[in-house]
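*Asks:* Given the sequences, and given the hints that come with them, work out the whole structure.
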Amino acid sequence: MQLVWDNAEFLLRGARYTLQITLVSMIFGVLIGMIVALARISGIRPVRWIARFYVSVIRGTPVLVQIFFVYFGLADYGLRLGSLTAAYLALSINVGAYLSETFRGAILSVPKGQMEAAYAAGMTTWQAYRRIIFPQAARVAIAPMGNTFIGMLKETSLVSTIAVTELLRSAQLLIAQYYKYTPFYIGIAAMYWVMSTLFSIVLHAVEKRLSKAY
Amino acid sequence: MMIRTTGLSKSFHNHEVLRSIDFQVDKTEIVVLLGPSGSGKSTLLRCLNGLEELSGGSLTVNGVDVDSAMSHREKNARFREIRRQTGMVFQQFNLYPHKTALENVIESLLIVKRMPKADAVAAGERLLKRVGLAEKRDAYPSRLSGGQQQRVAIARALAMEPAVMLFDEPTSALDPELVGEVLDVMRELAGEGMTMVVVTHEMKFARQVANRVVFMDGGVIVEQGEPASFFQSPQTERARRFLNQITGERGDKE
Chain A
643 MQLVWDNAEF
653 LLRGARYTLQ
663 ITLVSMIFGV
673 LIGMIVALAR
683 ISGIRPVRWI
693 ARFYVSVIRG
703 TPVLVQIFFV
713 YFGLADYGLR
723 LGSLTAAYLA
733 LSINVGAYLS
743 ETFRGAILSV
753 PKGQMEAAYA
763 AGMTTWQAYR
773 RIIFPQAARV
783 AIAPMGNTFI
793 GMLKETSLVS
803 TIAVTELLRS
813 AQLLIAQYYK
823 YTPFYIGIAA
833 MYWVMSTLFS
843 IVLHAVEKRL
853 SKAY
Chain B
29 MMIRTTGLSK
39 SFHNHEVLRS
49 IDFQVDKTEI
59 VVLLGPSGSG
69 KSTLLRCLNG
79 LEELSGGSLT
89 VNGVDVDSAM
99 SHREKNARFR
109 EIRRQTGMVF
119 QQFNLYPHKT
129 ALENVIESLL
139 IVKRMPKADA
149 VAAGERLLKR
159 VGLAEKRDAY
169 PSRLSGGQQQ
179 RVAIARALAM
189 EPAVMLFDEP
199 TSALDPELVG
209 EVLDVMRELA
219 GEGMTMVVVT
229 HEMKFARQVA
239 NRVVFMDGGV
249 IVEQGEPASF
259 FQSPQTERAR
269 RFLNQITGER
279 GDKE
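Order-wise, the sequence lines are chains A and B. Using my numbering, the letters of the first sequence map in sequence onto residues 643 to 856. Using my numbering, the letters of the second sequence map in sequence onto residues 29 to 282.
Don't read these hints as lab results, they were simulated from the structure. Errors might be hidden in some of the hints.
To be verified - Restricting the straight-line Cα-Cα distance to at most 25 Å, the calculated cross-link-like pairs of lysine to any residue (SDA-like) are:
no. : chain 1 : residue 1 : chain 2 : residue 2
1   : A       : K754      : B       : E109
2   : A       : K854      : B       : V149
3   : B       : K127      : A       : G755
4   : B       : K55       : B       : N42
5   : B       : K145      : A       : Q756
6   : A       : K754      : B       : T128
7   : A       : K754      : B       : N42
8   : A       : K854      : B       : E80
9   : B       : K127      : A       : G747
10  : B       : K145      : A       : R772
11  : B       : K141      : A       : H846
12  : B       : K103      : A       : I686
13  : B       : K157      : B       : L211
14  : B       : K127      : A       : V782
15  : A       : K754      : B       : R108
16  : B       : K141      : B       : P125
17  : B       : K127      : A       : H846
18  : A       : K854      : B       : A162
19  : A       : K754      : B       : E102
20  : B       : K141      : A       : I686
21  : A       : K754      : B       : S257
22  : A       : K850      : B       : E131
23  : A       : K854      : B       : P125
24  : A       : K754      : B       : R101
25  : A       : K854      : A       : V752
26  : B       : K145      : A       : P777
27  : B       : K55       : B       : D95
28  : B       : K145      : A       : T767
29  : B       : K55       : B       : S257
30  : B       : K103      : A       : G747
31  : B       : K127      : B       : K145
32  : B       : K232      : B       : G246
*Replies:* Here's what the structure looks like:
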């Protein structure tokens with residue numbers, strides 16, 4: 643384990659990238675997820691179809707293929723992305739599709755009477771969504787969203803394949819240098835575990851806060 | 029005239045729920061809609077503020093006209109205008125569960141009327157006091173009894189200072205011992221000259237408070253009149269049968 647301590651700084655830099663990729667992809671993923679969820683319940687049919695097609699393609703193909711497509715595939719069409727940018731893009735698009743399903747279900751779980759009460763009180767559709775429907779949907783969405791986030795944290799290890807030096811690749815580089823596997827893999831496993839546990843604690847606190855009325 | 033419908037029709041998937049209804053309510057009048065379930069009385073009420081889309085005909089509420097032939101956009105805008113002038117109370121209360129009693133009451137004052145927060149809170153506290161729930165201002169709906177929830181819902185509907193109040197079976201979801209407190213608030217409101225349209229199965233309330241009873245069956249108005257004469261000597265066979273069933277079931281024939 644001494645090797646891990648000696649190289650802690652290098653590994654922590656990798657962990658920082660892992661965290662950064664997770665957070666950035668989560669933020670954009672949430673935005674994409676919300677837009678796609680609204681598209682899927684919208685009254686305009688072609689909008690609904692496009693949204694459904696997107697979700698179906700992303701959920702029906704491996705993340706690794708999506709990452710390769712964004713990094714190598716787009717380059718064929720002259721769009722050369724840096725590996726970090728490609729990681730952000732691929733993972734945001736991926737997590738957005740999963741979250742859109744979560745958000746859609748959460749919105750549909752709010753009883754119909756809530757919308758009627760908001761309308762009867764004179765609100766516009768947008769006001770009703772913003773003030774009445776979304777806050778109630780958020781409470782329902784938070785737990786599955788947390789699972790997606792924690793899944794995301796671990797999936798970031800896949801971008802090591804496009805030369806992003808996140809946590810896994812940091813370990814691999816050290817392994818190539820020292821020819822020792824176990825200490826580094828145990829070391830990064832522990833770091834992943836600490837990070838996902840911290841996520842869980844934060845999400846649990848948010849969930850509790852959103853549920854205080856119930 | 030506060031409300032007038034002309035040839036109002038409503039169909040769900042080829043099933044006609046309302047057949048060309050002509051219906052009026054005067055200012056300060058209290059009208060009770062009676063009828064067996066499926067008679068169309070709740071649908072009629074919900075058409076008045078556009079919670080159900082009209083299939084045909086037209087209506088006027090407090091001077092705002094809506095015709096089923098208008099464009100979607102136009103109808104939406106007009107119903108929103110109507111909703112700002114009508115309060116509605118639902119069978120299932122439909123309070124916002126993530127907001128306290130006070131927040132429920134002032135929500136549309138803040139969002140629809142854009143009233144300053146301090147004024148809205150003052151108005152909200154006044155309204156909660158009026159329905160006897162001043163001390164529950166910070167309670168969430170989940171902590172309130174059904175009767176208390178419905179009284180908060182009435183306060184919420186009154187917050188917009190509506191010209192007319194619509195009640196859709198306001199006591200049907202309540203335990204029997206909680207019905208009285210809600211009816212008391214409604215009686216008080218009636219005494220203050222509020223225009224009210226009430227769908228209910230509370231015959232005693234209809235008899236004591238209504239100025240007019242409208243009996244519906246099969247999507248049409250079968251009979252209407254003053255409560256005293258309607259309950260004592262209904263003119264139609266259908267109304268007689270309905271009254272017999274109701275009083276028979278409940279064993280409270282007077």
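*Asks:* Each hint: holds or not?
*Replies:* Verification of the supplied hints:
no.: 1; hint: A/K754 / B/E109; in the structure: holds (22 Å)
no.: 2; hint: A/K854 / B/V149; in the structure: holds (22 Å)
no.: 3; hint: B/K127 / A/G755; in the structure: holds (15 Å)
no.: 4; hint: B/K55 / B/N42; in the structure: violated (35 Å)
no.: 5; hint: B/K145 / A/Q756; in the structure: holds (23 Å)
no.: 6; hint: A/K754 / B/T128; in the structure: holds (20 Å)
no.: 7; hint: A/K754 / B/N42; in the structure: holds (23 Å)
no.: 8; hint: A/K854 / B/E80; in the structure: violated (34 Å)
no.: 9; hint: B/K127 / A/G747; in the structure: holds (22 Å)
no.: 10; hint: B/K145 / A/R772; in the structure: holds (18 Å)
no.: 11; hint: B/K141 / A/H846; in the structure: violated (36 Å)
no.: 12; hint: B/K103 / A/I686; in the structure: holds (19 Å)
no.: 13; hint: B/K157 / B/L211; in the structure: holds (16 Å)
no.: 14; hint: B/K127 / A/V782; in the structure: holds (16 Å)
no.: 15; hint: A/K754 / B/R108; in the structure: holds (18 Å)
no.: 16; hint: B/K141 / B/P125; in the structure: holds (22 Å)
no.: 17; hint: B/K127 / A/H846; in the structure: holds (21 Å)
no.: 18; hint: A/K854 / B/A162; in the structure: holds (21 Å)
no.: 19; hint: A/K754 / B/E102; in the structure: holds (24 Å)
no.: 20; hint: B/K141 / A/I686; in the structure: violated (30 Å)
no.: 21; hint: A/K754 / B/S257; in the structure: violated (39 Å)
no.: 22; hint: A/K850 / B/E131; in the structure: holds (20 Å)
no.: 23; hint: A/K854 / B/P125; in the structure: holds (10 Å)
no.: 24; hint: A/K754 / B/R101; in the structure: holds (22 Å)
no.: 25; hint: A/K854 / A/V752; in the structure: holds (17 Å)
no.: 26; hint: B/K145 / A/P777; in the structure: holds (20 Å)
no.: 27; hint: B/K55 / B/D95; in the structure: holds (22 Å)
no.: 28; hint: B/K145 / A/T767; in the structure: holds (22 Å)
no.: 29; hint: B/K55 / B/S257; in the structure: holds (22 Å)
no.: 30; hint: B/K103 / A/G747; in the structure: violated (30 Å)
no.: 31; hint: B/K127 / B/K145; in the structure: holds (15 Å)
no.: 32; hint: B/K232 / B/G246; in the structure: holds (24 Å)
The structure shown violates the earlier hints numbered 4, 8, 11, 20, 21 and 30.
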